[in-house]
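Asks: Read off the chains here:
Protein chains: 2
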Amino acid sequence: MTNLIRPTDDDARQLARNLLINARHGALGVIDPETGGPVVTRVAIGWDGTAALLLVSSLSGHTTAIRASPATSLLVGQPSLWGDPLTHPRRTLLPTAEKTDEAAHRARWQADHPKSGLYFDFADFLMFSHVVCVAPLNGGFGNAFRLGPQDLTHGLTTSPRSPANP
Amino acid sequence: MTNLIRPTDDDARQLARNLLINARHGALGVIDPETGGPVVTRVAIGWDGTAALLLVSSLSGHTTAIRASPATSLLVGQPSLWGDPLTHPRRTLLPTAEKTDEAAHRARWQADHPKSGLYFDFADFLMFSHVVCVAPLNGGFGNAFRLGPQDLTHGLTTSPRSPANP
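Chains as they are written, first to last, in numbering that gives the first Met the number 0: chain A, 0 to 165; chain B, 0 to 165.
Treat the hints with care, as some may be off.
[To be verified] Here are the computed distance ranges between Cβ atoms for each label pair:
hint	chain 1	residue 1	chain 2	residue 2	range
1	A	97	B	145	25 to 33 Å
2	A	63	B	34	17 to 25 Å
3	B	118	A	102	45 to 53 Å
4	A	86	B	110	17 to 25 Å
5	B	102	A	9	23 to 31 Å
6	A	118	B	110	39 to 47 Å
Keep in mind that the hints were calculated from the coordinates and are not lab data.
These numbers come from a predicted model, not from an experiment.
Built from N, CA and C at the ideal position, the CB exists for glycine as well.
Let the sequences and hints guide you as you build the complete structure.
Replies: Right, dumping it as structure tokens:
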């Protein structure tokens, strides 16, 4: 079989890093504890410097699923509303979810998600930290890579985060 | 526990139908046959009148996964680039993938995906039909529904499909 994975270089690492630290939402994949099948939902995403953060309701199906099986998947990198969506870079993260203290991330989360002040302190909301392990990067057709955690920090300048949606 | 699922009405059915028939891409969730965990990737999506269509490469990981375990999940409904992404309607489909003949869907697929002529006939490309069974609908905060296949056709006028991305 043809090897479609290209050797990782600094351009790929920088693109992967930018996709991750600038993600404000993404598609979360979990395992449905009842069926064993995959379920994909949209979630808000934050970034604490080393891990992706998710603020979710304990009443939601994905929270029940994460608690039953913490191996998740997160797709980040929103396509433009114009042009072929498959040429737009995106990254599939394969992290493991761990409960974290949402109060410690309040300021950063609310800066990234300006409307979240409405529900951040609701009793049913909780936060998971998603430490990224292996994470394929698809930079568009013919630009597939397979990056690990070390590629997030290897020889990179720190990019400023983009602002939240207006 | 609070029941967050609202009774299904025709507005919900129409919204769900529009999200599905207008989807040109989405987030596909599959089970990784090696790890048993979920994997989410971006895929191009079509619609044949009764089922969502996926054109994928046999060299891709998601195709290997679908062949091993055809229960998938598809998230459709792209958020705007402005405003809170979680207020934008989206729908999680929980279909089962079945191999279908891509030649029978060529004209419709290429109209929906203008660039696909470049690779549609590549030997490694194949098409799966995703018949939709249960499919939660999230119309934004406080607007969650749980729809079945009958809700796709029940008492609805046929909406014209939106054009592909310019």
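Asks: Would you mind marking each hint as holding or not holding in the structure?
Replies: Hint check results:
A C-beta distance of roughly 29 Å is found between residue 97 of chain A and residue 145 of chain B, which places it inside the suggested range of 25 to 33 Å. The hinted range of 17 to 25 Å is satisfied by residue 63 of chain A and residue 34 of chain B, whose Cβ atoms lie roughly 21 Å apart. Against the hinted window of 45 to 53 Å, the Cβ-Cβ separation of residue 118 of chain B and residue 102 of chain A comes to about 49 Å, which satisfies the hint. Our hint of 17 to 25 Å for residue 86 of chain A and residue 110 of chain B holds, since their Cβ atoms are close to 18 Å apart.
For residue 102 of chain B paired with residue 9 of chain A, a C-beta distance near 43 Å fails the hint of 23 to 31 Å. At about 41 Å, the CB distance of residue 118 of chain A to residue 110 of chain B agrees with the hint of 39 to 47 Å.
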